[in-house]
Amino acid sequence: MSGSQAADQKDDAALIARMRAGEQSAMADLYDRYSGVVYGVALRVLASTTAAEDVVQEIFLQLWRNPQAFDAERGRLAPWLAVIARNRAIDHLRKRPMESDIDELPISTGVDLESDSAQKLAIEKVRGVLAQLPPDQRKALEMAYFEGMTHTEIAGKTGEPLGTIKTRIRTGLLALRKAFA
Amino acid sequence: MNGHPQYAEALALYALGAMDNAQELTELEAHLGTCGECRRELESLRADSALLALSAVGPKPPDRARQRLLSAIAAEPRVERRQRRPIVIGRLRSRWLSFAPITVMLLLAIFSLLLGINLRNVQREVRQARERERQLHEQLAQAQHAQEILAMLTDPSAMQLAQAQHAQEILAMLTDPTAMRVKLVSTPQTRPQPLIQTIYKPENGHILLMANNCPMPPSNKVYELWLLPANGGAPMPAGTFKPDAGGNGMMMHPMETAGIAAKGFAVTIENEGGSQTPTPPIVMAPAS
Numbered sequence: 029m030s031g032s033q034a035a036d037q038k039d040d041a042a043l044i045a046r047m048r049a050g051e052q053s054a055m056a057d058l059y060d061r062y063s064g065v066v067y068g069v070a071l072r073v074l075a076s077t078t079a080a081e082d083v084v085q086e087i088f089l090q091l092w093r094n095p096q097a098f099d100a101e102r103g104r105l106a107p108w109l110a111v112i113a114r115n116r117a118i119d120h121l122r123k124r125p126m127e128s129d130i131d132e133l134p135i136s137t138g139v140d141l142e143s144d145s146a147q148k149l150a151i152e153k154v155r156g157v158l159a160q161l162p163p164d165q166r167k168a169l170e171m172a173y174f175e176g177m178t179h180t181e182i183a184g185k186t187g188e189p190l191g192t193i194k195t196r197i198r199t200g201l202l203a204l205r206k207a208f209a
Numbered sequence: 018m019n020g021h022p023q024y025a026e027a028l029a030l031y032a033l034g035a036m037d038n039a040q041e042l043t044e045l046e047a048h049l050g051t052c053g054e055c056r057r058e059l060e061s062l063r064a065d066s067a068l069l070a071l072s073a074v075g076p077k078p079p080d081r082a083r084q085r086l087l088s089a090i091a092a093e094p095r096v097e098r099r100q101r102r103p104i105v106i107g108r109l110r111s112r113w114l115s116f117a118p119i120t121v122m123l124l125l126a127i128f129s130l131l132l133g134i135n136l137r138n139v140q141r142e143v144r145q146a147r148e149r150e151r152q153l154h155e156q157l158a159q160a161q162h163a164q165e166i167l168a169m170l171t172d173p174s175a176m177q178l179a180q181a182q183h184a185q186e187i188l189a190m191l192t193d194p195t196a197m198r199v200k201l202v203s204t205p206q207t208r209p210q211p212l213i214q215t216i217y218k219p220e221n222g223h224i225l226l227m228a229n230n231c232p233m234p235p236s237n238k239v240y241e242l243w244l245l246p247a248n249g250g251a252p253m254p255a256g257t258f259k260p261d262a263g264g265n266g267m268m269m270h271p272m273e274t275a276g277i278a279a280k281g282f283a284v285t286i287e288n289e290g291g292s293q294t295p296t297p298p299i300v301m302a303p304a305s
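Those protein sequences? They're chains Z and V, same order as listed. The first sequence lines up with residues 29 to 209 when you count with the numbering used here. The second sequence lines up with residues 18 to 305 when you count with the numbering used here.
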C-alpha cells in the first residue's frame, strides 16, 4: 500500500469514527466523497434516477445508523459501498425487499479510490479493460453484474452453453484483477 | 487458485450471486466452510467485482438527494447499534399455535444463529469465523444480547409463560441431534432460491418448519407441508403456512399420531384452511 493510500484509508477510518460519534458533518463529508460511486452504480442497474436516489438515501442512512458495519481494517469504503449499491439496486430491480442492514462482507482491494483524481484514473482503467474484452465476454459479465441475471438466465438469453457463460464470467473478472495487480 | 480448480468457475458465479443451481450451491458452500484457500479466492473475486462496479461511476446525484439525506439524519436520534439491530419477524400460520411477535423475534434470532439457512447469513458466518479473534467486542455484545434473550425466556413477567414454553419447545427441537432434518428447495428452481428446513421428531410427532425466500402464495392460498411416510403410504397433511413479506416464516405442527416414520417432506399450494390430499404440482421438494 502506498503512503497516500494509507493516508486515504486513515481518512476513511476517521470519517467513520466521527460518524460513530454522531457528527452529522462527517456524514456530509462522506456523502460528498462517495455519493457518486453509489449513485452511479445504482443508476447503471436501475436506469431510473428516482430509484437510484432512493438507493443512495437508503445506503447512506443505514451507514449513519450503523457505522460499525464498515470495518476500515478489512477494506476500503469506495469498493465496499459500490458492492452494496449494486446488491441493493439488484434487490430493487428484482422487487426483493432490501436488506434492513448493510453489514456486508468486507471488500479488500488495493485500488486507490478516495480522491477524485484517483477515482477517475481507476474508472478509466476499468473501462479500458472492459473495452478490450471480447464483446460476448463483456456482455455476460455485465448481464450477471448489472442486470442480476443468473448464469442459466444468461445462457437462455444468449443461446450459449452454460459452461461457456461460466468461463466468460470468470475470465472477465480475472482480467480486471490482472489489470490492477 | 491452484488447489481446487473444479470450483474456480462456480466461485466466480457465487461472487456475483449468479449461481442458481441448488446442488452446486450447496456443494460449494459446504466446501467453503472447510477451505480457506477458496474463501480467499472468493474474497478476491468480490474485490474484482467491485472494480467492475466502478465502470458505472460517473453521474452525480442531484443536489436534492444530499439535502434529503442530511434532513433525514438531522431528524433521526442516535441510538446504540445493539438496541437497533433489526431482526426479521416472520408471519406464522399454524392450526394450533400462534406466537406473539416477541416470541417470533426470539425464535428467529435463535434460528438464524443456529441454522443460518439464509444464504447471506451463511456468508456472514464464514466471515465471522475468520474474524473471530478481531471481533471480541462484537462477541461480547452478542453474549449480552443472548443473556437478555435468556432472561426474557425465563421471566414470566416479560413474556407470557405459555409463549415461553412454546419457545423452549422449539429451541429443544432446533438443538435436538436425533431429530430428522430435511431441507426442501423449490421445483423448478428460482432465484432467490426458496428454502425450507423441516425438523421432525417422530417420537412426539412434532414438526418444525422454517421457510426462507418463499414467494407469497396467490390470494386465498397457503403453502401446505406434507409428510411422506416411510412405508410408502399416502402423503399426510403436516400444517399450512404463509410467509411474511420478506419470504420468511415459521410453523410448528403436531401430527395427530406420534411415531410415524417419514422418508421426507414436500410442499404444495392449497386453498386457505389446507387440504387432506396434495394438489399438484409439488412446489418444494427435498434437495437432492
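Hints should not be assumed to be uniformly reliable.
To be clear about the criterion: a stretch of chain Z counts as covered by chain V if any three or more of its residues have a C-beta under 8 Å from a C-beta of chain V, and this derived list gives those stretches [unchecked claim]: (1) 45 to 58; (2) 67 to 79; (3) 145 to 154; (4) 158 to 165; (5) 177 to 190.
Bear in mind the hints are in silico, worked out from the structure with no lab data behind them. Glycine is no exception: its CB is placed at the ideal position from the N, C-alpha and C atoms.
Now for the hints, and whether the structure bears them out:
1. 45 to 58: holds (count 4)
2. 67 to 79: holds (count 7)
3. 145 to 154: It holds: at least three residues are needed, and the region 145 to 154 of chain Z offers 4 whose Cβ sits within less than 8 Å of chain V.
4. 158 to 165: violated (count 1)
5. 177 to 190: holds (count 6)
Comparing the model with each numbered hint stated earlier shows that hint 4 is the single one that does not hold.
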